[in-house]
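Enquirer: The listed protein sequences correspond, in order, to chains F and L. To convert, note that position 343 of the first sequence is 342 in numbering that gives the first Met the number 0; the numbers rise steadily by one, no gaps. To convert, note that position 16 of the second sequence is 15 in numbering that gives the first Met the number 0; the numbers rise steadily by one, no gaps.
One should not assume that every hint holds.
Partial list, computed: chain L residues near chain F (C-beta under 7 Å) [unchecked claim]:
id: 1; residue: Ser14
id: 2; residue: Pro16
id: 3; residue: Ile76
id: 4; residue: Gly79
id: 5; residue: Gln90
id: 6; residue: His92
Don't read these hints as lab results, they were simulated from the structure. The beta-carbon is built from N, C-alpha and C at its ideal position, and this holds for glycine as well.
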Amino acid sequence: MEELKVLSPTAILGYGFPEQSFKEGMRRHPDVIACDAGSTDPGPYYLGAGYSFTDNNAVKRDLSIMIPAALEEGIPLMIGTAGGCGARPHVELTVDIIREIAREQHLHFKMAVIDAEFEKDFIKEELRKGNVTPLGPAPELTEESVDECIHIVGQMGEEPYMKALEMGAQVILAGRSYDPCEFSALAISKGFPKALAIHMGKILECAAITALPGSGSDCMLGTLRKDSFVVEPLNPERKCTTLSVAAHSLYEKSNPYELPGPGGAIDLHKTTFTQLSDSQVEVRGTEFVPTEDYYVKLEGVRRVGYRTISPAATHDPVMISQIDEVIRGVRSRVEDNFNMKDRRDIWLDFKVYGKKGVMHMFPETPESSSDELLIIIEAVAPTQEEANTLCSFARSTMLHYGYEGRISTAGNLAFPFSPSDCRMGEVFEFNVYHLLRVADPCEPFPIHLLEL
Amino acid sequence: MKLIDIASVIRSKNSGPYELTFDVIFKDFETYGKVKAAQAVSKEKFCALYGIPETDVFHLVYFDPAKAVKITIRRPIPSGALGETDVYGAQQHAPLMGMEIEI
Numbered sequence: 000m001e002e003l004k005v006l007s008p009t010a011i012l013g014y015g016f017p018e019q020s021f022k023e024g025m026r027r028h029p030d031v032i033a034c035d036a037g038s039t040d041p042g043p044y045y046l047g048a049g050y051s052f053t054d055n056n057a058v059k060r061d062l063s064i065m066i067p068a069a070l071e072e073g074i075p076l077m078i079g080t081a082g083g084c085g086a087r088p089h090v091e092l093t094v095d096i097i098r099e100i101a102r103e104q105h106l107h108f109k110m111a112v113i114d115a116e117f118e119k120d121f122i123k124e125e126l127r128k129g130n131v132t133p134l135g136p137a138p139e140l141t142e143e144s145v146d147e148c149i150h151i152v153g154q155m156g157e158e159p160y161m162k163a164l165e166m167g168a169q170v171i172l173a174g175r176s177y178d179p180c181e182f183s184a185l186a187i188s189k190g191f192p193k194a195l196a197i198h199m200g201k202i203l204e205c206a207a208i209t210a211l212p213g214s215g216s217d218c219m220l221g222t223l224r225k226d227s228f229v230v231e232p233l234n235p236e237r238k239c240t241t242l243s244v245a246a247h248s249l250y251e252k253s254n255p256y257e258l259p260g261p262g263g264a265i266d267l268h269k270t271t272f273t274q275l276s277d278s279q280v281e282v283r284g285t286e287f288v289p290t291e292d293y294y295v296k297l298e299g300v301r302r303v304g305y306r307t308i309s310p311a312a313t314h315d316p317v318m319i320s321q322i323d324e325v326i327r328g329v330r331s332r333v334e335d336n337f338n339m340k341d342r343r344d345i346w347l348d349f350k351v352y353g354k355k356g357v358m359h360m361f362p363e364t365p366e367s368s369s370d371e372l373l374i375i376i377e378a379v380a381p382t383q384e385e386a387n388t389l390c391s392f393a394r395s396t397m398l399h400y401g402y403e404g405r406i407s408t409a410g411n412l413a414f415p416f417s418p419s420d421c422r423m424g425e426v427f428e429f430n431v432y433h434l435l436r437v438a439d440p441c442e443p444f445p446i447h448l449l450e451l
Numbered sequence: 000m001k002l003i004d005i006a007s008v009i010r011s012k013n014s015g016p017y018e019l020t021f022d023v024i025f026k027d028f029e030t031y032g033k034v035k036a037a038q039a040v041s042k043e044k045f046c047a048l049y050g051i052p053e054t055d056v057f058h059l060v061y062f063d064p065a066k067a068v069k070i071t072i073r074r075p076i077p078s079g080a081l082g083e084t085d086v087y088g089a090q091q092h093a094p095l096m097g098m099e100i101e102i
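Produce the complete structure using the sequences and hints provided.
Expert: Next up, the structure:
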């Protein structure tokens, strides 16, 4: 096999793609259709709650085009990080969608489902053996923090995908995966260089985000050869340029020259980008540097409590000039009323947009000034009921708070909504972001074969 | 001049839940070359703009193929933790736009 083509329909399963671009992709006779379905970008909530940040109907729409196309062409379809986070509930909800499509379209195929969720006891045992280390700035893991986890997933490499292919799977639906895997697995199993296969996967996993104009909802094609690969968009309105492709090496990465993954890192120090036509870019020279041991990245979240918020605004110049004092006064009134000064399990916060909103995590940066402020009152507590109580009380206290110099005595806040308070439900935070040393890249990721 | 005058892209984003990464892509290779030669985008200047210690900067890398410079730092809080105002980290770039550049 001299050449292997990978079709990437969309940046995230459910983000959609124009059918015309997809048809153009199929006209090129790809060897595999691959799609990433997840990300940690939307934050810890989705891993904790067990559902996706993408919409089920949108996911179904994408799959109902990809599955029959792959079966008709006789090529595998590979989906990584199912359901946005790739824990068991996320995989299961995607399995249900695929079953529905198979039933509706009278399709029959073999589907491999690869599990990426880890049991707490297993992680604790590995922790005791010294096989778990923090990744970058993440804190040390303890057995208590493992016990607090709702779900723990591990990012698989390409090896479990390769095993599923050997088992004869036509559709592979995997839990949490290192993003390039579903794109690189077939190529690596056919003997193409790992460095190029992974680098191509790194670019294809974001689909047409790499092109100009960029889009997360349009198709890209990668053509891999033994010494190079070529990427190109499938919509004539988009182009790949050496700059757009090179710049993509920066996107969401810590260091553009070294991109670490399970089993090793790709090294871009010797990579060259060449413009082949006005929309095709050829990449060569990328190297793979294996690590001595094989590491799997773990992600886990714990529940912090339940949240209720109330967005409210002011346009009063006196109130705006007194806002810090108002917040101090309201906070102390709430703490006093519910005797919560020493409670560590309660969080009461006031996000003040127009003063220190977006840049809140950098307290030393200059404050904004505005003749309007949006204040988001936020309460997080061990139960939803308690969060409701605290938020409601803080809101009513702020509405009628008698600050220094007040002349607008009817009410301090403009509420955009009735009801003014919004129950946000469970709140989670990341508490596992670690590396797990494994002896075998496949063993932690069991594969189940389903006949649909 | 300011960075916004000589860059075509200035952006920020999470790189995992515990890091924030900033990319600056320059308008042309000539300007990029001068900025790189002068190391005009530096740890010191970045830390002064954001009010963070230099130990929080994990990488500051000039990346020739994209005529870009990348700065990756410790996220002051993990993505989505209590106190968050930018879950994706995609709106932390504005102070960087105003970085003074002498070349």
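Enquirer: Have a go at the isoleucine 76 of chain L hint: is there a Cβ in chain F nearer than 7 Å to its own Cβ?
Expert: holds, 6 Å
Enquirer: Against chain F, is glutamine 90 of chain L within 7 Å by beta-carbon distance?
Expert: holds, 5 Å
Enquirer: Does proline 16 of chain L meet its interface restraint, that is, does its C-beta lie within less than 7 Å of any C-beta in chain F?
Expert: With a closest approach of 5 Å, the proline 16 of chain L hint holds.
Enquirer: Against chain F, run the beta carbon of serine 14 of chain L and see if the smallest gap drops under 7 Å.
Expert: holds, 5 Å
Enquirer: With a cut-off of 7 Å on the beta carbons, see whether histidine 92 of chain L makes it to chain F.
Expert: At 10 Å from the nearest chain F Cβ, histidine 92 of chain L fails the 7 Å test, so the hint is violated.
Enquirer: Is the interface hint satisfied for glycine 79 of chain L? The criterion is a beta-carbon contact with chain F at less than 7 Å.
Expert: With a closest approach of 3 Å, the glycine 79 of chain L hint holds.
Of the hints listed earlier, the one the structure fails to meet is number 6.
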